[in-house]
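Visitor: Taken in order, these protein sequences are the chains called E and R.
The opening residue of the first sequence carries number -19 in this note's numbering; numbering runs sequentially from there.
The opening residue of the second sequence carries number 77 in this note's numbering; numbering runs sequentially from there.
If you're looking for bench data, these hints aren't it; they were derived computationally from the structure.
Since we're looking at a predicted model, the values are computed, not measured.
In this text, a Cβ means the ideal position worked out from N, Cα and C, and glycines have one as well.
Take these hints with a grain of salt, some might be off.
To be verified - Label-pair distances were calculated between CB atoms; the ranges are:
| no. | chain 1 | residue 1 | chain 2 | residue 2 | range |
| --- | --- | --- | --- | --- | --- |
| 1 | E | I140 | R | Q123 | 24 to 34 Å |
| 2 | R | M128 | E | I261 | 30 to 40 Å |
| 3 | R | L133 | E | Y33 | 46 to 56 Å |
| 4 | E | V265 | R | H147 | 49 to 59 Å |
| 5 | E | I90 | R | H147 | 43 to 53 Å |
| 6 | R | H150 | E | K175 | 49 to 59 Å |
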Amino acid sequence: MQEVESKDINLKKLEAEAKANSTPSSFKLMFNEFKSDKMAMISLILVSLFILYVIIASFFINTSNMMSTNIMNYFAKPFTPDFWLGADAGGRSIAKQLIVGSRNSILIAIGLTAISSSVGIAYGLISGYFGGITDLAMQRVYDFMMIIPSFMIIIEIVNIIPSYNAISLTLILSMFYWMGTSRLIRAQTLSESNKDYVQASRASGTSTLKIIFKQIMPNVSSLIIVDTTISFAENIGVETGLSYLGFGLPMGTPSLGTLIANANDADNITTYWWTWLPATIEIIVLCLAISYIGAVLRRATNATQRRSTK
Amino acid sequence: MWKTILRRLLIMIPELIILSVLVFILSKQLPGDPFTGSINPKASMGQIHHLMKINGLYDPWYQQYWHWVVHLLHGDLGNSYEYQEPVTAIIGSRAINTFWLALLTMIMTYAIGLPMGLYAGRHEGKLQDALVRIYSYATMSVPFFVVLVIGCWIFGYGLNIFPTSGSVAPNATGFFPVLLSKFYHMILPATLGALFATSSITQYLRSGVIDAKNSNYVKTAQAKGVSMNNIYKHHIMRNAMLPIAAFAGYSITGLLGGSLFTEQIFSYPGMGLLFLNAVNFRDYTVMTALVLLYGFLSLLGTLLSDIALSIIDPRIRVE
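Could you build the full structure based on these sequences and the hints that come with them?
Guide: See below:
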């Protein structure tokens, strides 16, 4: 009786020891990496707070009121109590447009990242796992998507569709921005699917879908997290770029891109700098912060570059 | 060797056909027709329908596509609705500007990216490497057009060093003044474009140099007593740089995509600005021709790069 008990205790102790010595999960590693890098922590908090702020603050702004022309405030100067970032040619407050525009741009970027990354991940996993003729065919589609002038085709599609909103714009954009993710995931899946655990699982009769999504996908999850973060920064550029050219969100819906498009006017770019400069700086800071977070995440997945363990 | 090139060319044909079908179908979906704008306003709807009928606009789409392709192969892309001129003539006059700007941007990208990649690879793991990596990350993550706007504001309007619109000064006469003025107009957009396009070249060259550093031929050269500088100049650089040189074709896609923004911001009269104007004036023949041309050029660039890479590195030949 006593012997059994001591064995039991020993087992528990061993288990705890093994847990302490085993490599921590990738999420834990990422968390540790953020704890050891102050800049990354600040970026992460800043970006999250900013996104939360623009989403909540835009609830309190009446968009149609904000976008209506008020000639009395024609190019109101910034840093005044009513217009702390000034107003544009229509007397519309830049600060309010910036908040609503940021919300629109960020939400579209989030939607675009979610959809295009999911498509890219599934595409890469399937293409990499099956290999052979499936892979060949899927890679030809990939090659084709890479050579088509996507921005011009998006502009054409936007012109064909009579009325569209943020959701359909996100869907249109996602058709053209999944390729980078799929390439990365495919390469990783190729090397992953030759490993012993996959062979063993296949031999014991696990269904293909289960192998792909339950067994291989967790093993490429750190890559997915890093890539998604970096695509998010890139996707902010996609929507704002399209809106900047005038083919993004419909008229009357502010976006960071439409605010930067104020700079197309020679008067605005020289004299009325407040109409476009805040949005420009916001995009630069936001993209730098997000991609810095991505860089730290990437560092966390690479054992030789980690800072937290040193 | 020849087999590889032939195989690569054969892959290109279906891509080209699918691209043209896609462009054609999209162009058919665009609202409007080619006659309403160019005809006597008194013409009745019946007459327009008659015109559309004899011009084959009511035929099934595959017949229309076939007609379009036949015309295309004869170099006939139709007339521009807006300018009432052949599309090929309009694009031809603009293409040369885009070509020079893209070429200058590409040259400057390599001029900036190559030394940085070599430098970072040589000082792997040191401060210099970290600085180059930070630069690459920063330039990769910031949207390209935002930088152009800021650059145009600072150097064009603020400091007044560079022109902010057009491709040549209106008062320039004579061969050399015009050439100089054209170059002067391209410096700012090309430099800004190049500064923010180096990251892939730099990172690729860096890893190439690091790979080469640990290879046996470098160790052999070192054992023979060749100086480190000479090893870098004659052994490592050559091996690491060849694939980079072959990348030039791939960068065509990015350069053409970027031309939309560059030309819009600097009011530079190239194909990108022509496209944006065509969209605004609903000049569909020009739009369609430009999308097809951009796709074709990207395809050609990828083809050339693939062939060049397969010559340099036989391991990556298309099977």
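Visitor: Please go over all the hints and tell whether each is borne out by the structure.
Guide: Checked hints:
Taken as a hint, the range 24 to 34 Å holds for the pair I140 of chain E and Q123 of chain R, whose Cβ atoms sit roughly 27 Å apart. A hinted range of 30 to 40 Å for the beta carbons of M128 of chain R and I261 of chain E is inconsistent with their spacing of about 52 Å. Separation of L133 of chain R from Y33 of chain E is about 53 Å and conforms to the stated range, judged on CB atoms against 46 to 56 Å. Checked against the hint of 49 to 59 Å, the C-beta distance between V265 of chain E and H147 of chain R comes to roughly 51 Å, which is consistent with it.
For the pair I90 of chain E and H147 of chain R, the supplied restraint of 43 to 53 Å holds, since their beta-carbon distance comes to about 45 Å. For H150 of chain R and K175 of chain E, the hinted distance range of 49 to 59 Å is satisfied, since their beta carbons lie about 56 Å from each other.
Checked against the numbered hints given earlier, this structure breaks only hint 2.
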